[in-house]
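Peer 1: Read off the chains here:
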Amino acid sequence: MMPRFLRQALTIARRDLTATVMTPTFLLFLLSPLLMIGFGVIGGLSGQAASSAGEARQQIVAIAPPGQHDALRTADRELRSVFTRDSARPGLRLEKPEAEPARQARTLFDSDTIEAAAVLYGPLDHPTVLRSAGAEAEGRYLAALAVQTLRAEHAPGTRSTPRFETVIRDAPTVSGRGQAAYFSTFAIFLVTLMLSGQAVGAMAEERSNKVIEILAAAVPLESVFFGKLLGAFGSALLFVAFWGTLIANLPRLLPGDAAGVLSSLSVAVGPIFPLLLIGYFVMAYLLQSAVFLGVGALASTQREIQMLSLPITIFQFAMFGMASYAAGNPESWVAIAAEIVPFSSPMAMAARAANAPDLWPHALAFAWHALWVAITLTIAARLFRRGVLKSGSPKRTKRAAA
Amino acid sequence: MQELAVSASGLVKRFGERRAVDGVGIAVPKGLIYGVLGPNGAGKTTTLRMLLGIIEPDEGERTLLGSRHPRDMSDHVGYLPEERGLYPNMKCREAIAFMGALRGLPWATGRKRAGELLEGAGLGHAADDKIRKLSKGMAQLVQLLGSVVHEPELLVLDEPFSGLDPVNQERLELLIRGQRDRGATILFSTHVMAHAERLCERISVIAGGRVRFEGTVDDARALLPLRARYTPHHDADAIAAMLPADAVREGGSWRFTVPDGGIEALLVRLIDAGHGISGLSIERPGLHDAFVRIVGAEALADQPETIA
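These protein sequence lines are chains A and B, in that order. Its first residue numbered 1, the first sequence is counted upward by one per residue in the working numbering. Its first residue numbered 403, the second sequence is counted upward by one per residue in the working numbering.
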């Protein structure tokens, strides 16, 4: 016979299990890993893309007369067999020499379209190799490429004496922007991840202390929802202000060169960027919180709220995945999609601010986000009215008399 | 015709297959205390919520303070829901001011009035206490004060007396009368007849989602015949034969329904038979009995009884 204690415990367990499993929320909870796998693929891709964003875009350039291009290409192909996938050097780009190759080479480093790690110009037996800081290997590779090309054309013993020069850039690099873009996306994601989840329980609290009937009787539900959203946002803003101030003052406390690294993260839109970043944080927060508020309002128990937190986190990661992929690949269709999908848009647009100088898309984006905050809240209020306050009719005869 | 604070006709509300409210109509004249009576689950709360526009009816029309969109008038309405709820961490004064602010009353005015109202209700000492510290009855009074702090034209109270001890029930009755004297219309639901009997100028009895009776309390009581309580001077079993068939002996007295032709003839016969009269009272049955009769009749007849 079953011990009394166990039987009692099983009675409780049985109720709890059915109470958990027999809810629609559990289905969402159960299936959320599926969503995670789907979006996680994007997220994984994007993480990879973002970290390799700089390297992938880098190129090495050889400025040589068209006659030598084929020989250079052949030599490059042969030399590349040395590299494994991980140690591969940036791809080779060949350019025709202009009137002043030295100047031409120098300007390549400030180009917006390509990002040169190293540039070779001049005769192959006495080439000059310009390389950016940290691109020693790329420079030597170009020198080796010159020797290899010469030996293929002339005699195996031919020598080449390269001259190396390190170049300091004037303009921010494209990959520097890519990093700034990724950094902004990540910052917004991190802050919204920490803060917007709080909105889930807001309406549940009202329902458990039964104030909702008073609120619903006195003011429109839309106002209740928007008020909840603003209230949560206020506390989020305090949080951000506190940590923002702390972090903003951090560079002063850090050793000098660390501060230099922070300031080297450069952006395309210029000094307005911090404002845009704050604006997009606000929008990201409002949009995501509005969704969570609405979803949380439909949950009837604390248990359901807890179960919702997993799908919610996954949703946030998915949006971040899209946006960070967009940060690494500003021209891709995923980027366009991430900028249009309202819930990833703030993060993707912050990345865009780092990547592209145009300002008008941001004005458009803010209007778009505000519209979606309104749409989300309206839908949330409707669902709440029907599902929880039991209003709305089963058939569509509502307001026929009004 | 008297101006109406609330009117509705043909209100229907379905929850799934069940018709919780099935064609309810109501007309509440301004300045009156009006009771909606009915057994548990009769559809009282749903009716009130539809009248207030918290939920939309599936069919029918309603007008609240002259507006066909009840929500537009929400600043002029006070409402005590059946399920009481206050923020446990709020102080009484703040909770009352908050409820006023929801209805458009400035916070400062709300706080000031809250102090006065609490004082008036004998809760002045608790003004700065948190709601969680109050007893259930006290919290309920605070919520009621919160629903009148903005001096609404219409006050809707859903089962306001439930959960209150007799002293607090008395206070609540006073408060309701005070609101009426201020000029407000009060619409409240209850299944406790004693309050309705004392307070209401008109009542509706709802059962099974329909209106079974509408009229004054006296109208309702008049639905039942007069009852007599007779105490003979010399009691004897033989008296039973002389009294109407429904006579019941209670101690030394007899209770019976007064015959259609009046009680005088019966009294003459009793005196002649030498039983004498040492006590006699004739009274209308209470609202309680009338209510049981009205609601009980619902099972037999499906047509509402109306006395206007």
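These are calculated hints, taken from the structure and not from any lab test. Keep in mind that a hint or two might mislead.
As the list claims (entries may be wrong) - Calculated lysine-lysine pairs in the DSS-like style (CA-CA distance at most 27 Å, straight line): (1) Lys538(B) / Lys210(A); (2) Lys493(B) / Lys96(A); (3) Lys514(B) / Lys538(B); (4) Lys538(B) / Lys493(B); (5) Lys532(B) / Lys493(B); (6) Lys535(B) / Lys514(B); (7) Lys514(B) / Lys532(B); (8) Lys514(B) / Lys493(B); (9) Lys96(A) / Lys514(B); (10) Lys210(A) / Lys535(B); (11) Lys493(B) / Lys432(B); (12) Lys210(A) / Lys432(B).
Since we're looking at a predicted model, the values are computed, not measured.
Peer 1: Determine which of the earlier numbered hints do not hold for this structure and return their numbers in increasing order.
Peer 2: The structure breaks hints 2, 9, 11 and 12; every other hint is satisfied.
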